[in-house]
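Undergrad: Spelled out from the first residue to the last, the chains are:
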Amino acid sequence: MVANKNIFEIKDFSIFYGDFMAVKNVTLNIEYNKISAIIGPSGCGKSTLLRSLNRMNDLIISSHVAGELFFQGVDIYHKDTDVIELRRRVGMVFQKPNPFPSSVYENVAYGPKIRGIKKKNQLDEIIENALVKADLWKEVKDKLNESGLSLSGGQMQRLCIARSLAQEPEVILFDEPTSALDPISTAHIENLLQELQKTVTIVIVTHNMQQAARISNYTAFMYLGEMVEFGDTNSIFVNPQNKLTEEYITGRFG
Amino acid sequence: MAIFDEELKDLRERVLKLGCMVENAIRDSVKALVERDSDLAKEVIKKDHLINALDVGIDEECVRLIALRQPLARDLRLITTAMKITTDLERMGDMAVNIAERALELNEEPQLKPFVNIPKMAVLAQSMVRDALDAFVTGCSRLPYEVIKRDDEVDDLTVKNFEELLSFMIQDPKRIPLAIKRTYIAKYLERIADHATNIAEMIIYMCRGKMIRHTEITDAP
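Chains as they are written, first to last, in this note's numbering: chain V, 1 to 254; chain E, 255 to 475.
Hints in this document: simulated from the structure, not taken from any laboratory.
Ideal Cβ placement from N, Cα and C applies to all residues, glycine included.
There's no promise every hint is true.
[What the hints assert, rightly or not] Derived contacts from chain E toward chain V, CB cut-off under 8 Å, selection only:
1. ASN278
2. LEU322
3. ALA327
4. ARG328
5. LEU330
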């Protein structure tokens with residue numbers, strides 16, 4: 001296979017909830033080690049599209065898809081796909097921090113343990129690495145046995161990022177990761193994402209357009225399930241080509 | 255209308271007002287020269303602080319809008335354009351003051367010869383300012399491209415004016431001080447036209463999101 005700069009290739013891809021078509025014939029490429037942001041009004045299908053990248057929509061009984069979605073050249077909706085392995089390689093962080101009700105250590109150890117890593121020293125190393133990468137280690141190294149739920153909101157969100165990183169993912173999907181956080185924690189996470197981007201591909205759904213503008217390399221604008229415009233972030237925010245995009249980002253929608 | 259749209263409308267109107275004041279200053283400074291009206295020249299000089307104050311006010315408003323409204327896309331391009339073109343307009347105001355100052359000096363001396371090129375240049379420069387600002391308000395059209403083209407006519411007149419004055423100076427060196435002042439005035443008008451060209455280029459950026467400064471225009475509509 002020729003060297004491909006796209007980690008995801010989405011081709012004429014649609015997602016349905018029963019009869020309802022939530023994502024309509026989207027074609028989009030996601031580049032390796034870039035931050036791609038998806039913006040659009042509520043209900044435009046952006047979270048649905050994001051969740052399709054590691055088949056989280058499978059959990060919704062009535063959902064089904066059409067079209068093709070390649071991850072590193074492999075169609076992830078093929079019947080032989082190992083979905084558990086896919087979700088290890090394509091991690092996810094949600095809007096509200098959702099640590100497990102266990103210690104900081106156990107939160108991060110959960111994935112590696114399930115993967116069969118049992119040796120204490122090996123686990124210790126993975127956990128320290130993940131917490132360092134998530135920029136949380138300094139704050140929690142003396143309280144690894146305390147409950148993950150005892151941390152601040154911003155720390156909990158970074159714990160969730162560490163939990164995801166412990167799985168050594170190639171991609172992390174973020175669904176509104178800072179909308180429940182204050183500006184300082186938000187800035188912290190944004191800096192972290194730009195740091196992580198060096199080793200992990202990031203796709204982020206955000207309602208905060210300034211956030212997309214600040215951190216992403218590429219921005220996609222979705223409306224009513226359709227991909228209206230996709231391009232490098234600077235072009236989208238300075239000189240969008242589509243009138244709908246312009247109206248949305250300048251706050252003159254509808 | 256949303257508050258932000260009102261604010262942008264107000265910003266556009268302030269830029270237009272500044273443009274009108276500058277256009278009048280250019281017209282009056284040249285009129286003061288041609289009609290040897292020193293009172294009018296003094297008035298141009300006296301009124302320049304109003305132009306400066308409006309320029310500062312527009313800049314402050316632009317910074318406020320960037321900070322508080324976080325403009326994007328066409329709004330961002332409108333505000334950055336307003337900030338840049340007010341600087342050009344303010345400089346044109348200074349050029350009008352320079353013309354008025356030279357007029358005051360020349361009005362003290364006997365007239366060298368009737369003015370021919372300078373009034374033509376002034377009319378062209380004023381029309382460039384007016385059309386560039388019309389384009390600022392009415393949006394995308396051929397107008398800013400025409401303004402840029404007109405700059406060549408002003409440049410040609412500058413050269414013509416200089417050559418004529420040069421022959422005067424050669425014929426009679428005593429005419430040199432007055433002739434040099436006239437070449438200055440032509441130079442001021444030529445600079446005014448350059449600033450109008452800058453404005454037209456920014457209007458094209460505002461409309462199309464494309465910087466055309468220091469490039470050849472190949473795709474004018």
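Undergrad: All hints, please: hold or fail.
TA: Comparing the hints with the structure gives:
At a threshold of 8 Å, the smallest CB-CB gap from ASN278 (chain E) to chain V is about 34 Å, leaving the interface hint violated. A least Cβ separation of about 13 Å between LEU322 (chain E) and chain V goes past the 8 Å threshold, and the interface hint is therefore violated. The closest approach between the C-beta of ALA327 (chain E) and any C-beta of chain V is roughly 5 Å, which is under the 8 Å cut-off, so the hint is satisfied. A hinted interface residue such as ARG328 (chain E) counts as satisfied when its beta carbon comes closer than 8 Å to some beta carbon of chain V; here the least separation is about 6 Å, so the hint holds.
This hint holds: LEU330 (chain E) has a C-beta 6 Å from the nearest C-beta of chain V, less than the 8 Å allowed.
Checked against the numbered hints above, the structure breaks hints 1, 2 and satisfies the rest.
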